[in-house]
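J.: In case you want the letters, here they are:
Number of protein chains: 2
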Amino acid sequence: MEKAKFISEQNIKFLLHDVFNIESLTSSDYYGQHNRKLFDMVLDETLKLAKDLMWPILEEMDQNTPILENGEVKVNPAVREIMRQCGEGGWISAGFPEEYNGDQLPVLFVSACRFIFWASNYSAGTFPDLTAGAARLISSFGDQNLVDSYLPNMLAGKWQGTMALTEPQAGSSLADIAATAKSTDKGYYHLSGNKIFISAGDHNGVDNVVHLMLARMEGAPGGVKGISLFVVPKLRPEESGQLVSNDVVVSQIFHKLGYRGCPITELSIGEQGDCRGFLIGEANKGLFYMFQMMNEARIGVGLGATAIASAAYYASLDYVKQRTQGRNASHKNPDLPQVPLIEHADVKRMLLFQKSVVEGSLSLLMQASLYADLEIIAPNEEKEKYSLLLDILTPVAKTYPSEMGILSVSQGLQCLGGYGYCKDFSLEQYYRDARIHPIHEGTTGIQGQDLLGRKVLMQNGKAFDLLINEIKDTIKRAMSLNQLNGYAFKLTQSVDILYEVTDSLIAIQAEKGTESFLADAVLYLELFSIITIAWQWLKQAISACKSLDSCKSKSAILFYEGKLSTARYFFHYELPKIYGLKMSILDSGDVTLDIDPDAFK
Amino acid sequence: MEKAKFISEQNIKFLLHDVFNIESLTSSDYYGQHNRKLFDMVLDETLKLAKDLMWPILEEMDQNTPILENGEVKVNPAVREIMRQCGEGGWISAGFPEEYNGDQLPVLFVSACRFIFWASNYSAGTFPDLTAGAARLISSFGDQNLVDSYLPNMLAGKWQGTMALTEPQAGSSLADIAATAKSTDKGYYHLSGNKIFISAGDHNGVDNVVHLMLARMEGAPGGVKGISLFVVPKLRPEESGQLVSNDVVVSQIFHKLGYRGCPITELSIGEQGDCRGFLIGEANKGLFYMFQMMNEARIGVGLGATAIASAAYYASLDYVKQRTQGRNASHKNPDLPQVPLIEHADVKRMLLFQKSVVEGSLSLLMQASLYADLEIIAPNEEKEKYSLLLDILTPVAKTYPSEMGILSVSQGLQCLGGYGYCKDFSLEQYYRDARIHPIHEGTTGIQGQDLLGRKVLMQNGKAFDLLINEIKDTIKRAMSLNQLNGYAFKLTQSVDILYEVTDSLIAIQAEKGTESFLADAVLYLELFSIITIAWQWLKQAISACKSLDSCKSKSAILFYEGKLSTARYFFHYELPKIYGLKMSILDSGDVTLDIDPDAFK
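If you read the sequences in order, they're chains S and B. Going by the numbering used here, the final residue of the first sequence carries number 684, and the count climbs one at a time with no gaps. Going by the numbering used here, the final residue of the second sequence carries number 684, and the count climbs one at a time with no gaps.
Since the hints were derived computationally from the structure, they do not count as laboratory data. You may find that some hints are simply not true.
Unchecked claim - With a Cα cut of at most 25 Å, we get these calculated PhoX-like pairs of lysine-lysine:
1) Lys308(S) - Lys415(B)
2) Lys415(S) - Lys415(B)
3) Lys415(S) - Lys157(B)
4) Lys506(S) - Lys157(B)
5) Lys684(S) - Lys134(B)
Unchecked claim - If you want the footprint, here are the derived chain B segments under chain S, 3+ residues with CB under 8 Å:
6) 186 to 195
7) 513 to 519
8) 529 to 542
9) 657 to 663
What the hints assert, rightly or not - If you anchor each label on the Cβ, the simulated ranges turn out as follows:
10) Ala590(S) - Asp556(B): 39 to 47 Å
11) Asp357(B) - Lys684(S): 36 to 44 Å
12) Gln576(S) - Asn147(B): 52 to 60 Å
13) Ile580(B) - Gln576(S): 15 to 23 Å
14) Asp507(S) - Asp226(B): 54 to 62 Å
Here a beta-carbon is modelled for each residue, glycine too, at the ideal position from N, C-alpha and C.
The following block holds chain S by itself, in its conformation from the complex (with noise of 0.2 Å):
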């Protein structure tokens, strides 16, 4: 039996206090009312209803997995649960305002709850998530009837919210999507079309499920510029209350490789003609809007990917401290007792690699999270700064967790040998259920176009500056101290070798076109992301050193200088495979663009 260990949480305290800072939240008018206690108190409960209610069913929840009958989508009848004591407790709602009976916590604090909710088990952590950011959608961009109709049921557990945007015929590329909206004179549009890969599409733990849905509303203009959004709930309220059947049925759900606890359902919308949606905001603005919750989302797979490749970590941890096997290098007599695997210096390097990625993950989704407060926060004219600062570290912290959270789990079980293949232990279900970030909620692909494509370039590189200005600010606080000056001219050196990139990408564009550009966007994404996970790395040091200064506690001390290994490990063993990365961007040979596609054959 495995402990129910799937975070750190002094790692979270750390982040939350001596590296972010939550409590110079408080002293704005929004965040005025939380203090340190509450904090405290709020991640207690978080962890206690994590482990109880959502850990032990883990396992049960991927080999049970949810079915469709009789036109109904069954879950784990813990679900319910789930999503009645995340309603009533408050998690739903944790980050809304206070006028929709919200805690209006920061940013900060609430990622680090879903953090623990899906390191805790992902599958069952998704329903209440996916409720908040539909529910927020509404909440940002609905008018007063859609709020009063439909908030109150989804923050309190009892509705499912969902983020319908795909179809058959148009994975990645939102500009084919071809469900329809007619309008009537009626206040709403009926809507017709399919879905698929909806999570959380339809299941029997909720009474009610409500999808934002995107489709074209009649004469709309082709692409991206004619989506609208619209609310489509499977149950429509009437006036009198009661709910009716709103055309929306579960064609099928997907069976997946991990992930499993989560019903990915497709949908059948309208087929009978009675299928009602209503407007979010504009016509023809359904993206934009959508992207408020997609953006959300983008941070959740960050978090969700961290989560499982924390939950791997400290499965992998506690088997390699138990377990003996052999013995060092230079004492192979075998007539000495075999060491535990810890002792050996390559399980301990399969450690530190996931310990690097962890912790640099959480650091800069938890970086992302308070860019997201300050915008909140921050005065009018300041406001767009941490707008931008968010908007370039989206696809970052969306890709280095999803991609790196994959390998990550793979050394996991990688550190129990043949019992990491098997079902004895959670690894291989982290292994499968990890697979899926890279994939949803825009491919690596869709997030190195993004980032390279539009963040970089936009506003003439403003976002990109405001991003090397923070770095730099992290530079300069390392250089005045000792035992990070070398790690700081580490960082300065990288910072360079990504202006030389980005410089000579935007000079092939000009001069070869958008294909050149974009052709390794991907490649760029790394190196720019590996560099990021190094700026969190030197901030988390500057604090660990700092707090070390004045620990005294024997566990403090072994946790900061945990934090240092860990970032002397990241400069040594991840930031130099930028070097490669610069080579095969500034000299690919076009050959992605030239090969001929009957040669691969």
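Guided by the hints, dock chain B onto chain S, whose structure is given.
T.: The following block gives chain B in isolation, referenced to the frame of chain S:
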């Protein structure tokens, strides 16, 4: 329904004939009875068996896994037919000398057959393959009595062979094997102990199972020097020819992430005190003997990993040619039709990555196989050369395909987006199946220690020098081709880096000792492997260039141009990774050695 396309016959023939010139082997006495016509015929038959018998049950064997019922392991009924056909058709004995009724086919050719079977269905191909390996061990080191008692039924596919090393308390640490063998005065030993993770350790697709088992005689020295090798049948043949139970009991089968069609078992040996084992060769030399089978199995792991990656590559290629999605970066007009995924540069990059891993790995495995053949046919004074070359390449040929195969399959899955994550396509199974390879037959960590700690140093670096000479020969040939001399130059630089890193590590050993020397052995293995694969790509590029000169058929021209593009991809996108690896190894900061195990929590 996916096409039965899991390998490229054209590529196999290109490697056998153009690159490695298999026909030159037939000028030897040993292989003199063969010719191209025969090779082509057997290859056809192999493909037919793979397509008709193994491929159709790929998914079925994954879904309906072996079960343990009343002490008997039940596998898919097709396993019996597979063993029968592989036995009667001569595949199990294909590489055996004619004195055992084998076809005495070159290792190079047998490797191609192993690759084909595994690509069609990894679990299915393992049953006959393990049997061949065990039979070869008996034929090499067993006495005539053992040969007569076991070989005919094994080579006929009636009896399964296994490799029984691993024990619960001694996974990778063979020095700690504890199974015991008590001598009797009747020519056999009483065996007792426990073995775990024994592939095909029992099943009802054969009439008997023959374990090649490591155990320790009473009073034997500690560690690996006290291990002996025994034949331990499930049912022992009495003099009368009758088979009687030999007290080998399956205590459990393991439930696994993938590779599910093959039962991986735990065995209890001699619980009733009636398990007889028959010594192979001399006492206490068991590990030496076992390593014959183990080395063959390590090449087999490389082939199996490459095979799964090959099947995944063709499945993803098939998908991206048919599936339309989005438009090219420079033609975003939504009124234009969507283009096939293969038109996108990033998709072509993912395909090139897969192709470079699959065909680069297969080329290396063929190279290793050729050295095995040359060792057989070379005059005595040259045998050692080829033996050393095979020795130093074995950890690379095991590990590079295993580690990169996982990433390659993962990119194949990514090409399908959400569908890649679903059971509607085979990619998710390949993703699970492939994950075994960095674990079994010596983990990647063990292979790193083997390469750097043993193979690079042995005989004062003789194997290392021989390999570098082989690489330099290829460089010299490439230098004379205009199209390739740029790559020849890059490979020369890479070899210089390999020298520099190797020399530095040897200096570290002298200065700081073995722990420091071996701490980054896995990174060294990765660097070594990338250079080795670059060498293989240069070899393939030379052959492609030469063939292109005289080539008229359009499909052949596309094939050779595909080879050149993939070589180009490898030199531009994969080879540069050695620069980061070099920096990490030379400047590791000893972080993995220094960190306190308690600092991980």
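J.: Which of the listed hints are broken here?
T.: 2, 3, 6, 11 and 14
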